[in-house]
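Given only the sequences and the hints, what does the whole structure look like? Please build it.
The opening position of the sequence shown corresponds to residue 414 in the working numbering, with each subsequent residue numbered one higher.
Honestly, the hints are just simulated from the structure, not real lab data.
If you're wondering where the values come from, they're calculated on a predicted model, not measured in any experiment.
Even for Gly, the Cβ is constructed at its ideal location relative to N, Cα and C.
Some hints here could point you the wrong way.
Here are the simulated distance ranges between beta carbons [as the list claims (entries may be wrong)]:
#	residue 1	residue 2	range
1	443	471	24 to 30 Å
2	488	443	16 to 22 Å
3	443	470	17 to 23 Å
4	475	431	24 to 30 Å
5	439	475	19 to 25 Å
6	463	487	18 to 24 Å
7	488	439	29 to 35 Å
8	487	439	27 to 33 Å
9	473	439	16 to 22 Å
10	415	455	31 to 37 Å
11	458	418	21 to 27 Å
Straight-line distance between alpha carbons at most 30 Å, and here's what the computed DSS-like set of lysine-lysine pairs gives [said to hold, decoys possible]:
#	residue 1	residue 2
12	460	421
13	483	460
14	421	463
15	421	483
16	463	483
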Amino acid sequence: MTAEEIEKTLRAAFPDAEIVVEDLAGDGDHFACEVVSEAFRGVPRVKQHKLVYEAFGDRVGTELHALAVKTRIPG
Numbered sequence: 414m415t416a417e418e419i420e421k422t423l424r425a426a427f428p429d430a431e432i433v434v435e436d437l438a439g440d441g442d443h444f445a446c447e448v449v450s451e452a453f454r455g456v457p458r459v460k461q462h463k464l465v466y467e468a469f470g471d472r473v474g475t476e477l478h479a480l481a482v483k484t485r486i487p488g
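Following this line, the structure appears as structure tokens:
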């Protein structure tokens, strides 16, 4: 999965979000993302991260090897 595919998947799940995706090792296998969205307002951080991972469905651990997630609300 490419950084562009990760961003596209996140954009579909969080249309209002500011999204930054980074290839951590330059190997196309280890990524980090930051998702800033109103969808996270009032939601505990663990649940926020779960929502991000759920956007990828069964692709986590297969097409998407490793993704470090950072979430926050705008402001």
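Now for the hints, and whether the structure bears them out:
| no. | hint | verdict |
| --- | --- | --- |
| 1 | 443 with 471: 24 to 30 Å | violated, 19 Å |
| 2 | 488 with 443: 16 to 22 Å | violated, 29 Å |
| 3 | 443 with 470: 17 to 23 Å | holds, 20 Å |
| 4 | 475 with 431: 24 to 30 Å | holds, 27 Å |
| 5 | 439 with 475: 19 to 25 Å | holds, 21 Å |
| 6 | 463 with 487: 18 to 24 Å | holds, 20 Å |
| 7 | 488 with 439: 29 to 35 Å | holds, 32 Å |
| 8 | 487 with 439: 27 to 33 Å | holds, 30 Å |
| 9 | 473 with 439: 16 to 22 Å | holds, 21 Å |
| 10 | 415 with 455: 31 to 37 Å | holds, 32 Å |
| 11 | 458 with 418: 21 to 27 Å | holds, 25 Å |
| 12 | 460 with 421 | holds, 21 Å |
| 13 | 483 with 460 | holds, 12 Å |
| 14 | 421 with 463 | holds, 18 Å |
| 15 | 421 with 483 | holds, 17 Å |
| 16 | 463 with 483 | holds, 11 Å |
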